[in-house]
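The task is simple: from the sequences and hints, build the whole structure.
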Amino acid sequence: MSKSETRARLEKNAQVKRIEIHQGKLFKVVRDQIYYENHHTKTFDLILHPGAVALIPVNDAGHLILVKQWRRAANQILIELPAGTLEKGEDPQVCADRELREETGFKASEITSLGGFYSAPGVFSEYLYLFLARGLSYDPLVGDDSEEIDLLELPLNQALEMVHQGKIIDAKTVAGLLWYNQWVNK
Numbered sequence: 001m002s003k004s005e006t007r008a009r010l011e012k013n014a015q016v017k018r019i020e021i022h023q024g025k026l027f028k029v030v031r032d033q034i035y036y037e038n039h040h041t042k043t044f045d046l047i048l049h050p051g052a053v054a055l056i057p058v059n060d061a062g063h064l065i066l067v068k069q070w071r072r073a074a075n076q077i078l079i080e081l082p083a084g085t086l087e088k089g090e091d092p093q094v095c096a097d098r099e100l101r102e103e104t105g106f107k108a109s110e111i112t113s114l115g116g117f118y119s120a121p122g123v124f125s126e127y128l129y130l131f132l133a134r135g136l137s138y139d140p141l142v143g144d145d146s147e148e149i150d151l152l153e154l155p156l157n158q159a160l161e162m163v164h165q166g167k168i169i170d171a172k173t174v175a176g177l178l179w180y181n182q183w184v185n186k
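Okay, so the sequence shown: first residue is 1 according to the working numbering, each after it adds one.
Quick caveat, the hints were computed from the structure, so don't treat them as lab data.
Careful, some of the hints might be misleading.
No more than 16 Å apart at the CA atoms, straight line, and that leaves these computed lysine to aspartate or glutamate pairs for EDC-like [said to hold, decoys possible]: (1) Lys25 to Glu87; (2) Lys28 to Glu126; (3) Lys172 to Glu126.
Quick list of the computed label-pair ranges, beta carbon to beta carbon [to be verified]: (4) Glu110 to Gln182: 31 to 41 Å; (5) Glu153 to Met1: 46 to 56 Å; (6) Asn75 to Lys25: 12 to 22 Å; (7) Thr112 to Lys25: 26 to 36 Å.
Just so you know, these numbers come straight off a predicted model, no measurement behind them.
The beta carbon of each residue, even a glycine, is placed where N, CA and C say it ideally should be.
Following this line, the structure appears as structure tokens:
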């Protein structure tokens, strides 16, 4: 049995005492005290998140529609895929449609799931569902008041070059662009 398989077995058989540290608007911070069957204990601080969606909008010219917005945690403007947090019990595709319209003003006639990934599973439970959005037409929804977003239209090769130049540094966007590049070049 591998080390990771051994760890997974220990984790699944462990007793967990969870303490809520903070309940925020979008996430919860908890402290898990883990009691293993081998009598060892560990403490983990985790951020529990309901999940999110990220979209790769592609217009009729084949160009990507990305967003530029100020991010408090990064203390700078970032170039990103349009994205947003799932509401409790919300279907990811419904969330994807809403977020695309709120952040870009576009509605997609076709939204295709490309899969998904955990953003930072060492401490963060957020699972991001990745979607391709095509057949774009202008049909905006009023977004979050705190979001002041600019749109950026560019071809995939230019976006990938911006990743390599360190101009696109948002993890979900880097992962999404690389995933889309692989999907396009199958």
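Each hint tested on the structure:
1. Of the pairs offered as hints, the one joining Lys25 and Glu87 holds, with about 11 Å between alpha carbons and a cut-off of 16 Å not exceeded.
2. About 11 Å separates the Cα atoms of Lys28 and Glu126, which keeps this hinted pair within 16 Å; it holds.
3. For the hint linking Lys172 to Glu126, the alpha-carbon distance of about 11 Å falls within 16 Å, and the restraint holds.
4. Taking 31 to 41 Å as the suggested C-beta distance range, the pair Glu110 and Gln182 does not conform, at roughly 19 Å.
5. Under the hint 46 to 56 Å, the C-beta atoms of Glu153 and Met1, about 51 Å apart, fit the expected range.
6. About 20 Å separates the C-beta atoms of Asn75 and Lys25, a value consistent with the hinted range of 12 to 22 Å.
7. Checked against the given bound of 26 to 36 Å, the beta carbons of Thr112 and Lys25, roughly 30 Å apart, stay inside it.
Violated hint for the displayed structure: number 4, the only one.
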